[in-house]
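Asks: Here is how the chains run, residue by residue.
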Amino acid sequence: MDYMSACGVLRGIPIFATLDPAKLKLLAFASEALTFASGEVLFRGGDPADCAYLIAEGEVEICVEREGEPIIVERLGRHALFGELALFRHAPRVATVKAQTPLKVLRIDGDMFLRFVSENPETALGVMRMLSDKIARATDHAEVLEDRLRALQPKP
Amino acid sequence: MEPTIFRFIFRYSMRAQIIVLVVTVISFPFLYLSLELPKTIVNEAIGGSGFPKTWSDIELGQVEYLMLLCAAYLVLVLINGGFKYWVNVYKGQLGERMLRRLRYQLFGRILRFPMPRFRRVSPGEMIAMIVSEVEPLGGFIGDALALPAFQGGTLLTILVFMFVQDPVLGMAAVAMYPLQAYLIPKLQRKVNALAKERVRTARKLSERIGEAVQGIQEIHVHNTSERELADFSARSGQIYAIRFRIYRLKFLVKFLNNFLASVTPFFFFAIGGYLVIQGDLSFGALVAVLAAHKDLSAPWRELLNYYQTMEDVRIKYQQVIEQFEPAGLLSEEIFSEVPEKIPPLDGSLVATNLVLEQDGLKVLDGVTLSLPLSERTAVVGIGDAGRAGLAQVLARILFPTAGSVRIGEYQLHRLPEAVTGRRIAYLDQAAYVFAGTIRDNLLYGIRHRPVMQRELSGSAKTRHERLVAEAEAAGSTTADLAAEWIDYEDVGIDGPHALGGRVLEVLRTVELEEDIYRIGLLSRIDGARNPDLVGRLLDAREEFHARLSDDTLRGLVEPFDESAYNTNMSVAENLLFGAPVGETFNVDRLADHPYVLGTLEEVGLKDAFLDIGQRLAEIMIDLFQDLPRDHEYFSRFSFIDADDIPVFRQVIRHARSEGPDKIEAAEQRLLMSLPFKLIEARHRLGLITPEIRVQILEARRAFARGLPERLRGAVAFFDRASINPAASIQDNILFGKPAYGSPQAQQRINRSIDAIIDAMGIRNDLVEVGLEAQTGIAGSRLTVAQRQKIGLARCLLKRPHLLVVNMTLTGVSFSAQAEIMRKVFAEMGGRGIVWVLNSAELARCFDRIVVMEDGRVVEHGSVADLAGPDTIFHRMAAAE
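One line per chain: the protein sequences are L and P, in this order.
Residue 156 is where the first sequence ends in our numbering, and the numbering goes up by one at each step.
Residue 1880 is where the second sequence ends in our numbering, and the numbering goes up by one at each step.
Please note that the accuracy of each hint is not assured.
[Unchecked claim] Far from chain L, by Cβ distances over 10 Å, these chain P residues were calculated:
id : residue
1  : F1161
2  : L1623
3  : E1691
[Said to hold, decoys possible] Part of the chain P face toward chain L, derived, beta carbon under 8 Å:
id : residue
4  : D1626
5  : F1637
6  : R1684
7  : G1686
8  : G1741
9  : S1742
Hints listed in this document are in silico derivations from the structure and should not be mistaken for laboratory results.
Small disclaimer: the values here were computed from a predicted structure and weren't measured.
All C-beta atoms, glycine included, are put in the ideal place defined by N, C-alpha and C.
Looking at chain L on its own, in the form it has when it is part of the complex:
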């Protein structure tokens, strides 16, 4: 993937959409294009987190382990950003990410990602929006689960 298409991928990500073009190009120039075969693991839960990934082509699945059983949490496709939460939290990876198809990603160095977010207010806002979306989704999800749980309990 050449540098110009890397710019294109970055522009496709909502949080970078409003970024100044020069900054976007710099991010594209400084990021690393990696290729994974289908089934290859990008990182595992517990690994130290030193970067974030952007999918240029292909799909990944995110899974966590519960009592030795892998549970697939989410599938992500083209232009999805992942791995950034561990960077914000300065914590190890919580989930394992595996390529589901032949995969092309942009690897953004962790320090650089954090710097970009903190130096560019538009990006920071974009990140907040994205995180809010995630929280909202999680809350919805929790409400649904709670409803189901209540439905299972015998009524007094």
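We have chain L; now place chain P onto it with these hints.
Replies: Just chain P, lined up with the frame of chain L:
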């Protein structure tokens, strides 16, 4: 050591001094004749009469007589020159031998210093003393006797002549001597005092330089270079001030001497003139005395110089010797005594009432212990508790202040080092690694003295014998460094052929083999020394490349191919297509080399490089111009330094308005330097088009083809059929570049290379290569753990009967430490181990535990004995 320089000189060079003196005396008549002859030639041969002269039966005409005398004069000149040459060479040799002897004795003294001494003298001081301070002594020693005798004799002769001519004038000539003899030593004493101070200050300066070098990290960490400079400046200023005062005094002495010497003629003119007028002295006698007095000043000046040098040298010697006479110097017998058969140490180690005082503190306070040498003992304690001191006393590094240690039937501290050095091994965390190869460091502990001389013949033998004779003449050891120094039988090795296997075994014991293997992989290979391995490595390269199409390696490596552009190499590397040897073709500065630029022009790439350079500069300015100049991205990603951005902006403006081929040569060079850094696969800018790749390949060929003779040695070209001497073994097998964009390419490549090496069975060969790697000054190229493991391996190689380990292996993890400990136990078999530990947990692996507190043993027994809940050991273990 001899207390004064003269005692030293007379003790070791009396005979040589007398020879110099005798030869000097013999030369004297010839010198006299050669001074006398010209007068005879002028007066008798040229201006004389009464020819022909009859000389026994031969008759000589005036011309023949003249020629005969001239010939005699020429012969005398040659004889005199010959004497002078011989005496000078002999004196020089004598001085150098004595200097060598003195240095040898001083260094020998250092080796006998008691250990605590090394806490008080710095290496810098000792180096200064042995290397530079004694240097002037050599020049003096050759003259020590001959010069005063010769010049003194001359002086005396002239004085006698004067007294014979006229006693009164003779008195006049020496009238000033009492005054000079009183004044000059008085001034000289001041010079001496200053000279002593100068030596002391200079030593402090050496010490400070040594400290600054060793503490360089602290200087940078705390930004104290200004303070270090101030300290240095103050000290060198002090030396300057002292030296300046010395100069003034020295020249004052000279001035005084000259003045007083010139006052003497005053007496001659006054008293002599008066006597001539009175008619008491003939005019001729006065002239003769005046001429003689002129001759007097030369030997007098020489004597004065000698006196000043002698004083200087005397003080230097004295000040050096003082430092080498510390209290508690180890007795010479400990070193010189070598038993015919080195006895084994067995039975029990019994320490009785050991006391060790250091700087007034009691480190050990009445330690009494009995440890069977067939057991393994752990020493633990709260804080240091004297454990380190105990370990060092048991290893015979420190001598106890009171009490004794017996091993079997021997008093440990009376045993010669030839026994303790072979039977006891000691290691602490400071395990010292010498500069040299890793192998030399491992074998260091089993090279005690030569066991078998070299077989020499012909000229090598004569050369060797000469060296030995010279060493003997300087009182130095004649032991041959190149002889066999390993007593294989004593360390349980069948012979030289089995040494490699034993080294490997010990490396595995201390878990160092893997490290040495890695070091070997990263080393270059000397093809001339290792022709077999070169062939195997080429096979390994082919095997690796055959595997490149396997699933595990597919796409991970872009092999070097002479006829293809490598997108994972920079443009510079693609152009060079080889490993640079030395700095000439350093890939980071390739764009500066005129030959490289010439090659680009030759293949018509100049315009393309200018164009790519301009576009790169534009991209870089576009990407980086808004960043603050100290932003880390500049160093990480930019092709252009922050400071150069404005310069490039200007260059681009010129290039746009005038065309890149029209701008100044310096600006063109700036632009052309950029494309060299491009790595297509990494930067993904799409600037190196297929056409340009072809042209770069052409440049690659032109570069190699036209390379002038003088630059041939500066690059080792990549060649699939041969091993590249300038690249590491790993790179030679890889023979390509790891591809960008493949996660963990390097690890996967390494695994594959390891597998190939194991399958080919050449792993041990690579360990051998690794063993030849240089360790750096004090082992600085190795990690702390590697240094400690080398220290441990060195101890084990000599199969000690007692191994004392004092809290080493700090560089490895707890579990690795336990694993190594277990292997060391197996290696040592039933021989004695005393191991000072910090962990009560690890202590449980031992047969016996000693618990120390405040320099005393508070608990001692087997693991079972100390298992009870109310033992100190139990509480220590619980606190961990």
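Asks: Against each hint, give a clear statement of whether it holds in the structure.
Replies: A quick look at each hint next to the structure:
The non-interface label for F1161 (chain P) is consistent with chain L: the shortest C-beta to C-beta separation is roughly 94 Å, beyond 10 Å. Not every CB of chain L is more than 10 Å from the CB of L1623 (chain P) (nearest about 5 Å), against its label as outside the interface. The claim that E1691 (chain P) lies off the interface holds: its Cβ sits roughly 17 Å from the closest Cβ of chain L, which is beyond the 10 Å cut-off. Evaluation of the D1626 (chain P) hint against chain L yields a held restraint, the C-beta minimum of about 6 Å falling below 8 Å.
The beta carbon of F1637 (chain P) is positioned within 8 Å of a beta carbon in chain L (closest approach about 5 Å), and the interface hint is therefore held. The beta carbon of R1684 (chain P) comes within 4 Å of a beta carbon in chain L, closer than 8 Å, and the hint placing it at the interface holds. Interface restraint check: G1686 (chain P) against chain L, minimum CB-CB distance 5 Å, threshold 8 Å, status holds. Hint on G1741 (chain P) holds. Least Cβ distance to chain L is approximately 5 Å, under the 8 Å limit.
With its C-beta approaching chain L no nearer than about 7 Å, S1742 (chain P) sits inside the 8 Å limit, and its interface hint holds.
When each numbered hint is compared with the structure, a violation occurs for hint 2 only.
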